[in-house]
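Produce the entire structure from the sequences given, and follow the hints as far as they go.
Number of protein chains: 2
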Amino acid sequence: MTMPAGPVLALSGGVGGAKLCLGLSDCLPAGRLHIACNTGDDFQHLGLTICPDIDTVLYTLSGRSNVAQGWGLAGETWQVMEALQGLGGDTWFRLGDRDLATHLWRAGELARGATLSAVTAALAGRLGVSVRVYPMSDEAVRTRVRCDQGELAFQEYFVREQCRPQVEGFYFDGIGSALLQPDLAELCRDPALAGVIICPSNPFVSVDPILQLDNFWQTLRQSQVPVVAVAPIVAGQALKGPAAKMMAELGLPVTALGVAEHYAAGYPGLITTFVIDGSDAALSASIAALGMEVKVMPTIMRERADKQALAAACLELL
Amino acid sequence: MTMPAGPVLALSGGVGGAKLCLGLSDCLPAGRLHIACNTGDDFQHLGLTICPDIDTVLYTLSGRSNVAQGWGLAGETWQVMEALQGLGGDTWFRLGDRDLATHLWRAGELARGATLSAVTAALAGRLGVSVRVYPMSDEAVRTRVRCDQGELAFQEYFVREQCRPQVEGFYFDGIGSALLQPDLAELCRDPALAGVIICPSNPFVSVDPILQLDNFWQTLRQSQVPVVAVAPIVAGQALKGPAAKMMAELGLPVTALGVAEHYAAGYPGLITTFVIDGSDAALSASIAALGMEVKVMPTIMRERADKQALAAACLELL
Numbered sequence: 003m004t005m006p007a008g009p010v011l012a013l014s015g016g017v018g019g020a021k022l023c024l025g026l027s028d029c030l031p032a033g034r035l036h037i038a039c040n041t042g043d044d045f046q047h048l049g050l051t052i053c054p055d056i057d058t059v060l061y062t063l064s065g066r067s068n069v070a071q072g073w074g075l076a077g078e079t080w081q082v083m084e085a086l087q088g089l090g091g092d093t094w095f096r097l098g099d100r101d102l103a104t105h106l107w108r109a110g111e112l113a114r115g116a117t118l119s120a121v122t123a124a125l126a127g128r129l130g131v132s133v134r135v136y137p138m139s140d141e142a143v144r145t146r147v148r149c150d151q152g153e154l155a156f157q158e159y160f161v162r163e164q165c166r167p168q169v170e171g172f173y174f175d176g177i178g179s180a181l182l183q184p185d186l187a188e189l190c191r192d193p194a195l196a197g198v199i200i201c202p203s204n205p206f207v208s209v210d211p212i213l214q215l216d217n218f219w220q221t222l223r224q225s226q227v228p229v230v231a232v233a234p235i236v237a238g239q240a241l242k243g244p245a246a247k248m249m250a251e252l253g254l255p256v257t258a259l260g261v262a263e264h265y266a267a268g269y270p271g272l273i274t275t276f277v278i279d280g281s282d283a284a285l286s287a288s289i290a291a292l293g294m295e296v297k298v299m300p301t302i303m304r305e306r307a308d309k310q311a312l313a314a315a316c317l318e319l320l
Numbered sequence: 003m004t005m006p007a008g009p010v011l012a013l014s015g016g017v018g019g020a021k022l023c024l025g026l027s028d029c030l031p032a033g034r035l036h037i038a039c040n041t042g043d044d045f046q047h048l049g050l051t052i053c054p055d056i057d058t059v060l061y062t063l064s065g066r067s068n069v070a071q072g073w074g075l076a077g078e079t080w081q082v083m084e085a086l087q088g089l090g091g092d093t094w095f096r097l098g099d100r101d102l103a104t105h106l107w108r109a110g111e112l113a114r115g116a117t118l119s120a121v122t123a124a125l126a127g128r129l130g131v132s133v134r135v136y137p138m139s140d141e142a143v144r145t146r147v148r149c150d151q152g153e154l155a156f157q158e159y160f161v162r163e164q165c166r167p168q169v170e171g172f173y174f175d176g177i178g179s180a181l182l183q184p185d186l187a188e189l190c191r192d193p194a195l196a197g198v199i200i201c202p203s204n205p206f207v208s209v210d211p212i213l214q215l216d217n218f219w220q221t222l223r224q225s226q227v228p229v230v231a232v233a234p235i236v237a238g239q240a241l242k243g244p245a246a247k248m249m250a251e252l253g254l255p256v257t258a259l260g261v262a263e264h265y266a267a268g269y270p271g272l273i274t275t276f277v278i279d280g281s282d283a284a285l286s287a288s289i290a291a292l293g294m295e296v297k298v299m300p301t302i303m304r305e306r307a308d309k310q311a312l313a314a315a316c317l318e319l320l
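If you read the protein sequences in the order shown, they are chains E and U. For the first sequence, my numbering gives the first residue as 3, with consecutive numbering after it. For the second sequence, my numbering gives the first residue as 3, with consecutive numbering after it.
Hints were generated in silico from the structure; no laboratory data involved. Just so you know, nobody snuck in bad clues.
Output of the computed footprint for chain U on chain E, the stretches with three or more beta carbons under 8 Å from beta carbons of chain U:
{"id": "1", "region": "43-50"}
{"id": "2", "region": "76-82"}
{"id": "3", "region": "91-103"}
{"id": "4", "region": "110-120"}
Residues on chain U that point at chain E, a partial pick, calculated with CB under 10 Å:
{"id": "5", "residue": "GLN46"}
{"id": "6", "residue": "THR51"}
{"id": "7", "residue": "ARG100"}
Non-contacting residues of chain E with respect to chain U, defined by C-beta distances greater than 12 Å in every case (computed):
{"id": "8", "residue": "GLY8"}
{"id": "9", "residue": "GLN71"}
{"id": "10", "residue": "ARG146"}
{"id": "11", "residue": "GLY152"}
{"id": "12", "residue": "GLU170"}
{"id": "13", "residue": "ASP175"}
{"id": "14", "residue": "GLN220"}
{"id": "15", "residue": "LEU272"}
{"id": "16", "residue": "ALA283"}
{"id": "17", "residue": "VAL298"}
{"id": "18", "residue": "ARG306"}
{"id": "19", "residue": "ASP308"}
Note that the Cβ used here is the ideal one computed from N, Cα and C, for glycine as well.
Following this line, the structure appears as C-alpha cells:
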C-alpha cells in the first residue's frame, strides 16, 4: 500500500465523516492527519455553544462515542436532562451528563476569550486525540434550513423536528464574513499537502459549508492537490442522516451521481476522484462524464476494519 | 400574635437569610412576603451565570435544599462534575447535576434576553414557590474581596480559597451604575409596605451590596417603614459563613454590637429595631445607644419551629 508522504486534510461532518476519519487516523502516522469539521451545525443552547460535528469527531477518535446510538458518549447518564425536564426546560436536544461536561468546559474557555480552534485543540488533547482537529472557522456560521415550516435553525430541523419538514434550501448565516480557520489556511499553502479527502458526510449541510466558507474550495482547487470525495449515498440511500430525503425534496436524483453532480456544479474542477460503492458501479460512466475519475470500492463502514480499508484506499488515491 | 397587614420585604443573602425567609413564608399569607436577594455573590462560571443566594433562597423555600450539607440540593448527583474532572476542568465550584439544570435553564432564558428578575420569577414558579423573590438588581454587581492575596472574585475567596485569605475590604463592581430591581423600587413607594426585615446574613457581602445599591437604604429610610435587623453574630460567632472571621480581620469587635455599629455607621437612622440572641443580652445597652430599639430573643434557627418563631417575632416588631 502506498501512503502519501505529506499531510492529509479530511473534511468532515458528524457520524459518517467521523467513521472515515477514524479509519484515516488508524492508517496515517501521528501528526499527518488534519480534520476540518463543519461548524454550521453548531448552535447556542441553554447558554452553551454546542458543536455537534467537532464533538462527534473527537468522541469517535477517542473511542468514547456511543456507536449503537449513533451520537453522544458511551456509558452516558441523564441526571441533568431529567432535572431540566422537571423544571419544564427545553429537553429536545438530549445532552447527557458527560457530554455536558464537554460543553461546559468549552463554554468556560470561550468565555475567557479562547478561540474555538484553541478550545478544540485543547479538548482533543484532554481526550487523548493526537489528530489535528479544527473547526472550519473561528467565526460563527449557522446553517438555516428553508422548509415548508419557514426557516429553522439546523438543530431545530434535525433534532427537534426530526427532519420531518420538507426542505427547500439552505442558508449559512455568517458565511459571508467568516474566515477559514488559520491553520487550515496555512495547510492549503503547504506545498507538502498530499491531498484532501471529502468524507461521506451530508453534501448540503456538512460539506457545502466547509467548501463555501471563505472560498475554501477555490483555494483548494488552486493548490492543485488531489481531492477525493466519498459518496454518502449508496444504492439510493443515505448511510446515515437526512441526505437522501433532502435530495428527493430538492428534486435531485437520490444517487451517488446526484451527489457528484451537486459537487461538480457547485465546485467545478475541484474533485479529482469520486469514490462510489460497488452497488453503484453502474453510475461510473455518468460520473466520469462530469470530469472526475471514478473509483468503485466497498464504502459501507460497519467494522473498524471497513473504516481502515476505505481510508487506506482513499489515501492510495492521493 | 399581631401580623402586619401590608407587604413585608426581607433582604437576604444565602443560607442564614434563607432560613428566616422560610420562617417568614410560613407565617405570612400568600403573596405578602417579598424577598430581595443579594446578587453580589453571582458569577460567571463555565459560561453560566450562577446566582448562589437566589438559588439558596428558592431551594430552601421549595424544600429542595440539602440542609445537612448547607448548600445545594438534596439528593444531588455529580455525574457532570466527575466528567469535568476527567477533562481537567475547573471543579472547585461544585455544581451538582440537578443544580446544573437550574443554571442551564437560567442561562438559556438569559441568552434569549430575559432579565434576571423575569428568570427568577419564572424559576420560583417552576419550583412551586409563591413568595416573590427578586434579585436586588437586573444589572450585574460583583463582589470583589481585597485580601492579602490581592483581589479575588467573591466565589474565588469563598469557595476556591475557602475563606482562608485575610480580608482587607470589599468592592462591589458595577454597583455605581446598577439600578434597583424595578418591583423593589415600586414596593418602596407602596404606602402599604409594612416593614423591612434584614435577615441574619453576612453584613459585608450579603446585606451591604443590597443596601448600597442605587441608594436603596436611603429610599428605605425615607419611606419611614420599620426596619428590623437580625444579628448574624451570636455569642461572638457567626452562625454560618465567614462573617466572624471577616470582622476580626477588619478590626471590628466580633459581636452583635460590632454588626450594629457597622449598620449604624453605614446607614445612619435606617434600622429601627436590632434583634440579638439571648446570649448577647449584655450588649443591649450599647446597641441601644446607637439609636436602635433592641429586642432580645432566641435567634438560632435549627428546626423549622425556630425559624417560624423568630419570623413571627420579627413580624410583630413591624
